[in-house]
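> As given, the protein sequences belong to chains A and B, one line each in that order.
FYI, in my numbering the residues of the first sequence are 1 to 115.
FYI, in my numbering the residues of the second sequence are 1 to 116.
None of these hints come from the bench; they were simulated from the model.
Treat the hints with care, as some may be off.
When the alpha-carbon atoms are kept at most 25 Å apart in a straight line, the in silico DMTMM-like pairs for lysine to aspartate or glutamate are as follows [stated by the list, open to error]:
| hint | chain 1 | residue 1 | chain 2 | residue 2 |
| --- | --- | --- | --- | --- |
| 1 | B | Lys69 | A | Glu30 |
| 2 | B | Lys49 | A | Asp38 |
| 3 | A | Lys13 | A | Glu62 |
| 4 | A | Lys55 | A | Glu30 |
| 5 | B | Lys103 | A | Glu17 |
| 6 | B | Lys103 | A | Glu108 |
| 7 | B | Lys103 | A | Glu72 |
| 8 | B | Lys103 | A | Glu30 |
| 9 | B | Lys103 | A | Glu56 |
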Amino acid sequence: DVKVTQSSRYLVKRTGEKVFLECVQDMDHENMFWYRQDPGLGLRLIYFSYDVKMKEKGDIPEGYSVSREKKERFSLILESASTNQTSMYLCASSSGTTLNTGELFFGEGSRLTVL
Amino acid sequence: AQSVTQLDSQVPVFEEAPVELRCNYSSSVSVYLFWYVQYPNQGLQLLLKYLSGSTLVESINGFEAEFNKSQTSFHLRKPSVHISDTAEYFCAVSPLRTGGYNKLIFGAGTRLAVHP
Chain A
1 DVKVTQSSRY LVKRTGEKVF LECVQDMDHE NMFWYRQDPG LGLRLIYFSY
51 DVKMKEKGDI PEGYSVSREK KERFSLILES ASTNQTSMYL CASSSGTTLN
101 TGELFFGEGS RLTVL
Chain B
1 AQSVTQLDSQ VPVFEEAPVE LRCNYSSSVS VYLFWYVQYP NQGLQLLLKY
51 LSGSTLVESI NGFEAEFNKS QTSFHLRKPS VHISDTAEYF CAVSPLRTGG
101 YNKLIFGAGT RLAVHP
């Protein structure tokens, strides 16, 4: 089974802090994604990466950056956290073939609260 | 552009009753269709998908969904629900492309609450 692991399930940070959310997948998937999930809004794509050191903006990239130095790891960075970034963050991955159908494999999520 | 509308934000139902979670989509191109489920405090899991072929697709735990192209719908049904089906359900579409990344577009979710 595909396993996507998000290192922190719950985080509490203060406004202005730099925040790192880490995601690791163990199935040698080429593609990795970061979404945020908010009630009533569903999932919105922040960034995705289809190869090491490659990244593309999703629908809501403002206030976020990403890093993919190794194939299995995709990090989401909040340079200066703000209260409106309080949310559930979901990491996902897919193989080259499932990328073209849209099927994704998700981690359990990281719930971030910014005070 | 594509969009997904889940018509009910919450669906309460008694155990062993039937349930239907409604999903409509809008797209100018053909799409793949998915239902994902999120159990409490967990990530999303793929429940079922329609890529091609038979318009009726089934999951291993008794859910089914039917792709209706004329009505642009992909409603999810189960004839008899269990307490363990309590979760949030997300409908998603992915527009067909010949190359590159097929973006997955999610609906807002439907929270299914099964009561004893």
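> Does each hint hold? Answer for all of them.
Evaluation of the provided hints:
1. Lys69(B) with Glu30(A): Violated, at about 32 Å.
2. Lys49(B) with Asp38(A): Holds, at roughly 23 Å.
3. Lys13(A) with Glu62(A): holds (19 Å)
4. Lys55(A) with Glu30(A): Measuring from Cα to Cα gives roughly 12 Å; hence the hint holds.
5. Lys103(B) with Glu17(A): Measuring from Cα to Cα gives roughly 31 Å; hence the hint is violated.
6. Lys103(B) with Glu108(A): holds (21 Å)
7. Lys103(B) with Glu72(A): Holds. Lys103(B) to Glu72(A) sits at ~21 Å (cutoff 25 Å).
8. Lys103(B) with Glu30(A): holds (15 Å)
9. Lys103(B) with Glu56(A): The given pair, whose Cα atoms are some 12 Å apart, holds under the 25 Å limit.
In this structure, the hints that do not hold are numbers 1 and 5, in rising order.
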